[in-house]
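Going line by line, the protein sequences match chains P and D. Counting along the first sequence from 1, when you hit position 66 you're at 66 in our numbering, and nothing is skipped either side. Counting along the second sequence from 1, when you hit position 7 you're at 7 in our numbering, and nothing is skipped either side.
It is worth saying that the hints were derived from the structure and are not from the lab. Predicted model, so just to flag it, every value in this text is computed and none were measured. Any given hint could be a false lead.
Computed cross-link-like contacts, SDA-like style, restricted to lysine to any residue with a CA-CA straight-line distance of at most 25 Å [said to hold, decoys possible]:
{"no.": "1", "chain 1": "D", "residue 1": "Lys184", "chain 2": "D", "residue 2": "Gly167"}
{"no.": "2", "chain 1": "D", "residue 1": "Lys62", "chain 2": "D", "residue 2": "Thr128"}
{"no.": "3", "chain 1": "D", "residue 1": "Lys62", "chain 2": "P", "residue 2": "Leu28"}
{"no.": "4", "chain 1": "D", "residue 1": "Lys62", "chain 2": "P", "residue 2": "Asp60"}
{"no.": "5", "chain 1": "D", "residue 1": "Lys62", "chain 2": "D", "residue 2": "Ala199"}
{"no.": "6", "chain 1": "D", "residue 1": "Lys62", "chain 2": "P", "residue 2": "Asp105"}
{"no.": "7", "chain 1": "D", "residue 1": "Lys201", "chain 2": "P", "residue 2": "Leu61"}
{"no.": "8", "chain 1": "D", "residue 1": "Lys62", "chain 2": "D", "residue 2": "Ile42"}
Anything over 10 Å on all C-beta distances counts as not near chain D; from chain P, calculated [what the hints assert, rightly or not]:
{"no.": "9", "residue": "Leu28"}
{"no.": "10", "residue": "Trp50"}
{"no.": "11", "residue": "Val51"}
{"no.": "12", "residue": "Val69"}
{"no.": "13", "residue": "Ala87"}
{"no.": "14", "residue": "Ile154"}
{"no.": "15", "residue": "Thr165"}
{"no.": "16", "residue": "Lys176"}
{"no.": "17", "residue": "Arg184"}
{"no.": "18", "residue": "Glu187"}
{"no.": "19", "residue": "Ala197"}
{"no.": "20", "residue": "Leu209"}
Every residue, glycine too, gets a C-beta built ideally from N, C-alpha and C.
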Amino acid sequence: MRFDLTILAPHIGFLAEGALLTVQACILSLIGSVILGMLVAIARTSAAGWVRRLAFVYVDLFRNIPFIVQLFFFYYGLPEIGIYIDAFTTGVIALSIAGGAYASDVIRSGILAIDNGILEAAEVSGLSKRKTFTRIVLPIALRTSVRPLGSVLINMILTSSILSTITLNELTGSAKIVASDTFRPFEIYVVLLVVYAALTWLVSLGIGLLHRRLNRDMLEPVG
Amino acid sequence: MRFTDFTSYDLVLLAQGLATTIGLFLATSLIGLAIGALWAVIRFYRVPVLTQLVAFLAEILKNSPVLVQLFLVFFGFPAFFKVNVTPVEAAVITLSANTAAFVYVIGVSAIESIAREQVEAARVFGLTRWQVLRHVIAPQAAAFSVGPLVALLVNQLQVTSLISVIGVVDLTKIGNILNLRTLKPFIVWSVVGLLYYLAAKLVATLGARFEDRLRAHSAFRGL
């Protein structure tokens with residue numbers, strides 16, 4: 001059989017819709033996981049021991065259980081307790097919770113990397129604990145963890161392909177439909193590999209630029 | 001008679017699924033380690049065309065979803081090359097290649113972590129390039145890469161759960177079967193998740209112990 005990409009031309013619109021759904025799911029899940037990650041990172045750096053331990057259990061569990069198992073847990077489990085939501089929402093929730101575990105680790109190391117002198121300076125200036133955290137600690141921690149958060153996002157883009165197993169027709173799901181329509185699975189999946197690789201490459205390029213822009217005052221002058 | 005209750009035979013099913021998961025995990029990890037190490041050696045020797053090819057292949061494998069790779073091998077290869085691929089074969093090929101790509105990256109950075117002067121000194125002493133690799137670089141690179149490799153293996157154990165999508169009867173597939181029969185998603189997926197968690201912890205613990213053994217000679221012995 002010849003490698004012929006032209007047979008995919010009529011399906012590009014359909015695939016683009018799937019790609020759009022992937023992008024939507026990833027952006028929503030990124031927002032969800034950064035918020036969750038921040039809360040958990042606060043819990044993991046808290047002074048109370050049991051809060052720290054509880055947060056650690058969450059991170060440990062969701063990092064060591066395969067995403068597909070978590071996804072099935074939510075997808076089949078939520079209707080059991082009377083929560084009926086569609087596959088997209090379930091997918092975004094599952095991705096946010098799984099991504100939150102990784103994001104919290106990143107943000108936590110961002111918090112721990114903050115110089116003690118900065119905290120002492122804030123204390124001496126009479127800032128309350130809350131103010132110190134929201135105005136000083138979090139901005140610095142988030143700014144320095146842009147790059148690792150970017151790799152969480154890239155991982156999320158790759159993981160979002162698993163959402164196709166719960167009947168969500170994102171990029172992989174729609175490619176599956178096109179493959180069974182055209183009987184040309186080889187071409188379509190090769191294209192899909194390249195599309196995902198290009199997508200993650202673009203994201204990592206963007207993250208690099210964002211990191212440089214946010215941390216521009218910390219860069220050494222050239223020369 | 002209803003068949004929706006759990007029976008003691010379900011435990012056997014779970015054990016079988018776990019055995020399949022762990023068996024495939026071990027097999028693909030070993031194959032992946034061998035291929036990945038070979039790719040790193042190819043790069044070390046800077047074999048003209050192969051080096052670029054390997055770098056490109058590793059980049060694609062790293063930056064695309066494993067699910068799409070599985071579909072490419074399982075659905076694409078039979079259609080394009082006219083070969084028969086069973087689910088287990090597709091799983092072994094994909095997971096091995098995927099592991100190899102990450103092992104390659106770890107191997108390359110491990111080789112690069114060794115100071116240039118050491119290689120130069122060894123060359124001055126008249127060692128051939130192979131002897132340098134065998135006696136100077138390999139031992140240090142191996143010690144350097146144990147930590148990242150253990151983290152990789154813990155991750156690859158979770159990735160094996162995706163092969164259930166193409167019909168390999170691994171732990172996740174057993175979870176699916178039990179879930180559909182008993183309609184008790186919370187119990188089924190919790191048990192499956194717990195088994196994965198324990199397996200991941202086992203891999204991590206064994207890896208940490210092995211790393212300690214390797215580091216024992218450089219640990220501070222006291223005065």
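Quick rundown of the hints versus the structure:
For a cut-off of 25 Å, the pair hint linking Lys184 (chain D) to Gly167 (chain D) stands: about 22 Å separates their Cα positions. For the proposed pair Lys62 (chain D) and Thr128 (chain D), the alpha carbon gap of about 33 Å is over 25 Å, so the pair is violated. The suggested pairing of Lys62 (chain D) with Leu28 (chain P) holds, with an alpha-carbon distance near 24 Å, which does not exceed 25 Å. Between Lys62 (chain D) and Asp60 (chain P) the alpha-carbon distance is near 24 Å, which keeps this suggested pair within the 25 Å criterion.
Our distance criterion of 25 Å between C-alpha atoms is met by Lys62 (chain D) and Ala199 (chain D), whose separation comes to about 24 Å. At most 25 Å may separate the alpha-carbon atoms for a hinted pair to count; Lys62 (chain D) and Asp105 (chain P) meet this at roughly 22 Å. Between Lys201 (chain D) and Leu61 (chain P) the alpha-carbon distance is near 10 Å, which keeps this suggested pair within the 25 Å criterion. For the proposed pair Lys62 (chain D) and Ile42 (chain D), the alpha carbon gap of about 18 Å is at most 25 Å, so the pair holds.
Taking the minimum C-beta to C-beta distance to chain D, about 18 Å, the non-interface status of Leu28 (chain P) holds against the 10 Å cut. The beta carbon of Trp50 (chain P) is kept farther than 10 Å from every beta carbon of chain D, the shortest such distance being approximately 21 Å. No beta-carbon of chain D comes within 10 Å of the beta-carbon of Val51 (chain P); the shortest separation is about 22 Å. Listed as outside the interface, Val69 (chain P) is inconsistent with that label: its C-beta sits roughly 5 Å from the nearest C-beta of chain D, within the 10 Å cut-off.
No Cβ of chain D comes within 10 Å of the Cβ of Ala87 (chain P); the nearest lies about 15 Å off, and the non-interface call holds. Consistency note on Ile154 (chain P): stated as away from chain D, yet its beta-carbon is not over 10 Å from all of that chain's, at 8 Å minimum. Not every beta carbon of chain D lies more than 10 Å from that of Thr165 (chain P), the smallest distance being close to 6 Å; the non-interface claim is violated. Non-interface call for Lys176 (chain P) relative to chain D: violated, since the shortest CB-CB distance, roughly 7 Å, does not exceed 10 Å.
Chain D draws Arg184 (chain P) into its interface by the beta-carbon criterion, the shortest separation being 7 Å against a cut-off of 10 Å. At the 10 Å boundary, the C-beta of Glu187 (chain P) falls inside the reach of chain D, the nearest C-beta of that chain being 8 Å off. Not every beta carbon of chain D lies more than 10 Å from that of Ala197 (chain P), the smallest distance being close to 4 Å; the non-interface claim is violated. The beta carbon of Leu209 (chain P) sits about 18 Å from the closest Cβ of chain D, which is more than 10 Å, so the claim that it is off the interface holds.
In summary, the structure is inconsistent with hints 2, 12, 14, 15, 16, 17, 18, 19 from the numbered list given earlier, while agreeing with the others.
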